[in-house]
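Kindly produce the complete structure, drawing on both the sequences and the hints.
From first to last, the protein sequence lines stand for chains F and D.
Numbering follows numbering that gives the first Met the number 0, with no gaps: position 121 of the first sequence is 120.
Numbering follows numbering that gives the first Met the number 0, with no gaps: position 306 of the second sequence is 305.
Treat the hints with caution; some may be incorrect.
Below, a list of computed lysine-lysine pairs in the BS3-like style, where the Cα atoms sit at most 30 Å apart [as the list claims (entries may be wrong)]:
| hint | chain 1 | residue 1 | chain 2 | residue 2 |
| --- | --- | --- | --- | --- |
| 1 | F | K235 | D | K59 |
| 2 | F | K59 | D | K59 |
| 3 | F | K348 | F | K12 |
Here are some chain D residues the structure puts well away from chain F; computed CB gaps all over 12 Å [what the hints assert, rightly or not]:
| hint | residue |
| --- | --- |
| 4 | A81 |
| 5 | G321 |
| 6 | Y322 |
| 7 | D360 |
Output of the computed footprint for chain D on chain F, the stretches with three or more beta carbons under 8 Å from beta carbons of chain D [what the hints assert, rightly or not]:
| hint | stretch |
| --- | --- |
| 8 | 6-15 |
| 9 | 95-106 |
| 10 | 112-118 |
| 11 | 249-261 |
| 12 | 274-286 |
| 13 | 342-351 |
| 14 | 357-370 |
If you are wondering where the hints come from, they were derived from the structure by calculation, not from laboratory data.
Being a predicted model, the structure only gives us computed values, none of them experimental.
Note that the Cβ used here is the ideal one computed from N, Cα and C, for glycine as well.
2 protein chains.
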Amino acid sequence: MYNQYFYGLGSAKSCIRELFEYGLQQAAVVGKENVFDFSLGNPSIPAPPAVNEAAIDIIKNEDSLLVHGYSSAPGFADARDAVAKELAERTGTEIHGADLYFTCGAAPALIAVCKALNIDSNTEILAVAPFFPEYRPFVESTGSKFVYVPADTEHFQIDLKTLEAMINEHTQAVIINSPNNPSGVVFSRETLEKVAAILTKKSEELGRPVYLISDEPYRELVYDGVEVPWLPSIYKDTLVCYSYSKSLSLPGERIGYVYVPEKMTDAKEMFAAIAGASRVIGHVCPPTLIQRVVARCAYEKPDLEAYDVNRKLLYNGLKKIGYECASPDGAFYLFVKAPGGDGKAFSEKCKLKNLLVVPSDDFGVEGYFRLCYCVAKETIEKSLPIFEEVFNA
Amino acid sequence: MYNQYFYGLGSAKSCIRELFEYGLQQAAVVGKENVFDFSLGNPSIPAPPAVNEAAIDIIKNEDSLLVHGYSSAPGFADARDAVAKELAERTGTEIHGADLYFTCGAAPALIAVCKALNIDSNTEILAVAPFFPEYRPFVESTGSKFVYVPADTEHFQIDLKTLEAMINEHTQAVIINSPNNPSGVVFSRETLEKVAAILTKKSEELGRPVYLISDEPYRELVYDGVEVPWLPSIYKDTLVCYSYSKSLSLPGERIGYVYVPEKMTDAKEMFAAIAGASRVIGHVCPPTLIQRVVARCAYEKPDLEAYDVNRKLLYNGLKKIGYECASPDGAFYLFVKAPGGDGKAFSEKCKLKNLLVVPSDDFGVEGYFRLCYCVAKETIEKSLPIFEEVFNA
Numbered sequence: 000m001y002n003q004y005f006y007g008l009g010s011a012k013s014c015i016r017e018l019f020e021y022g023l024q025q026a027a028v029v030g031k032e033n034v035f036d037f038s039l040g041n042p043s044i045p046a047p048p049a050v051n052e053a054a055i056d057i058i059k060n061e062d063s064l065l066v067h068g069y070s071s072a073p074g075f076a077d078a079r080d081a082v083a084k085e086l087a088e089r090t091g092t093e094i095h096g097a098d099l100y101f102t103c104g105a106a107p108a109l110i111a112v113c114k115a116l117n118i119d120s121n122t123e124i125l126a127v128a129p130f131f132p133e134y135r136p137f138v139e140s141t142g143s144k145f146v147y148v149p150a151d152t153e154h155f156q157i158d159l160k161t162l163e164a165m166i167n168e169h170t171q172a173v174i175i176n177s178p179n180n181p182s183g184v185v186f187s188r189e190t191l192e193k194v195a196a197i198l199t200k201k202s203e204e205l206g207r208p209v210y211l212i213s214d215e216p217y218r219e220l221v222y223d224g225v226e227v228p229w230l231p232s233i234y235k236d237t238l239v240c241y242s243y244s245k246s247l248s249l250p251g252e253r254i255g256y257v258y259v260p261e262k263m264t265d266a267k268e269m270f271a272a273i274a275g276a277s278r279v280i281g282h283v284c285p286p287t288l289i290q291r292v293v294a295r296c297a298y299e300k301p302d303l304e305a306y307d308v309n310r311k312l313l314y315n316g317l318k319k320i321g322y323e324c325a326s327p328d329g330a331f332y333l334f335v336k337a338p339g340g341d342g343k344a345f346s347e348k349c350k351l352k353n354l355l356v357v358p359s360d361d362f363g364v365e366g367y368f369r370l371c372y373c374v375a376k377e378t379i380e381k382s383l384p385i386f387e388e389v390f391n392a
Numbered sequence: 000m001y002n003q004y005f006y007g008l009g010s011a012k013s014c015i016r017e018l019f020e021y022g023l024q025q026a027a028v029v030g031k032e033n034v035f036d037f038s039l040g041n042p043s044i045p046a047p048p049a050v051n052e053a054a055i056d057i058i059k060n061e062d063s064l065l066v067h068g069y070s071s072a073p074g075f076a077d078a079r080d081a082v083a084k085e086l087a088e089r090t091g092t093e094i095h096g097a098d099l100y101f102t103c104g105a106a107p108a109l110i111a112v113c114k115a116l117n118i119d120s121n122t123e124i125l126a127v128a129p130f131f132p133e134y135r136p137f138v139e140s141t142g143s144k145f146v147y148v149p150a151d152t153e154h155f156q157i158d159l160k161t162l163e164a165m166i167n168e169h170t171q172a173v174i175i176n177s178p179n180n181p182s183g184v185v186f187s188r189e190t191l192e193k194v195a196a197i198l199t200k201k202s203e204e205l206g207r208p209v210y211l212i213s214d215e216p217y218r219e220l221v222y223d224g225v226e227v228p229w230l231p232s233i234y235k236d237t238l239v240c241y242s243y244s245k246s247l248s249l250p251g252e253r254i255g256y257v258y259v260p261e262k263m264t265d266a267k268e269m270f271a272a273i274a275g276a277s278r279v280i281g282h283v284c285p286p287t288l289i290q291r292v293v294a295r296c297a298y299e300k301p302d303l304e305a306y307d308v309n310r311k312l313l314y315n316g317l318k319k320i321g322y323e324c325a326s327p328d329g330a331f332y333l334f335v336k337a338p339g340g341d342g343k344a345f346s347e348k349c350k351l352k353n354l355l356v357v358p359s360d361d362f363g364v365e366g367y368f369r370l371c372y373c374v375a376k377e378t379i380e381k382s383l384p385i386f387e388e389v390f391n392a
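Right under this line is the structure:
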């Protein structure tokens, strides 16, 4: 006697996880150096030295009862202030520590927001394909419906007409993820301003806000100076979900936040609803040592050099072979059109050569595959001839 | 437009939190030394030195990408093995790392278990009063009904007849918390064996297990050599929820686990359901540095000397005045009968003297108040004359 839905969620292996485990098995057979695993989006550059220096200094010199003791539910006030200060300076907007609710990473941030936005069993949360597959269980488990706007496969921006048509009386929010996982694309200011115009119009028609949920763990991972517009400045009813997983290479430490702009509709009530939702998912007071670390490292920037080298090497190599690829301006992914048009079949074909690529189906679009280029440079160099082989096979 | 239930949960202040904040206000008026705050259950002894030594050593000498990278969803295999090994030795039973699902503390452990045990909207989870007040939102938010066995106010063990009578076709589990918050009482082996006999009988009648959920963050906080029986050895269908918050004084670091005994009914399916539930509450891969720390500190024991001194001082002082108090064998709480019989009124009376005690109502029993004795010894010494004053007033 156990819950069948959760049993299903817990026993179903994701396609990515299966590929990863297949890679480990194959490595034991053919050697690690002959397996080319582009499946997992785990940062491959270490945390900046300042992170570990701060952690050691805090452990050695701050009061242990404070460092390891409970903070208040949304986090230490001074840590939230420090993070808000940097964010305010960077975005040129007014942001206070009290607007931030620290969370154990972006996942609980998104879940708390989705719970806070669930009004009844008809509530719909809209995502834009391609999307991070966990959005579906996150939304559905809160009692809302998960629906998505099909991908704009020309530019991997947003199909605005369809977005507009899909917003109805039950739509509470639209999830935006830019820089995008899996496409690596950054949504342009033009795209986002049009989204804001649509949401503003729909909010007026419906007489209540249609919120924007900006899931932005890759915010700082952009190349060639591409702009990542700050969404709350474009659309006031934006809830920002952030994680330090990628920017500080701390995915295991589970630290991030929800930012609830002071000027959004019902800001105080929304903050309280997020706090209440966090309580029943067991996310009050995120890990305290790391709270203090990110507060000290608020001005740290990731060193993207290694990712950028990989990005250019892989992107240019694939283009030369003849692959078509979405504009790789951010995150650490390439989203590539599958030769033959079937992402799953192509992934299987690659697997036979120990080349592990994730078919696009779980991301809500068919006919593509995702490559994560946070791997060793050598892996890319050695894999290109195989990419050429499977392209022509 | 936001979820009203979560708004309510997030905006309602707990009685404990209100008292604590009142204490801070009063401290600004009359001086910190004249406020006697027994409201908050925050450890007052620091983490053992080995904890910080391990953290620094791990940061300095282990691979940063491993230390701060994602672990698998239930935690690092080697860390789970290390914790299982000590637990197996201590309990004299067979426990493997694969039976442990690491969590961000006891709260998400309990929530995941309650979610895994929710079968339909009639599902009932039974607690025993007095109980930790968060059980109610934890259970109710999973869609189950929260019901409780009234307190045995004679010994604060368990009213077995009522427990037996309350188990029905919808009862999925009984939550046991020993050493108990708020009573400080440790359930005896005799009590627990009788509970096991009742659950065994009911499970046979119902043709399916009635599970026991053992919430035991205070497991190691016992005095005078009192036994805390290992429940899975008494009743095989026991799910253990544990946190290092109290035993290693790490409440802020959010690390604990669910133990799913290999021999329990549907153990594999239950583990999978807990994993699935953890996914939708955003608790996969608990904080990694602290995972590695608790693995290294598996054999560390808390230094209870300071708590024990406080316990005796406060308990003996109150008894001498004439207060009646539950047997204070564990945790760091005293549960005291309110003179006059009204816990709330007595708490208000104390407040006027800047003596902060928590009325028992939120714990599911009337007419008592809780004292948390993880405070400075001086606070206890200076408060006893005030306890005498309000007793006689």
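Inset, instruction - Determine which of the earlier numbered hints do not hold for this structure and return their numbers in increasing order. - result: Violated: hints 1, 13, 14.
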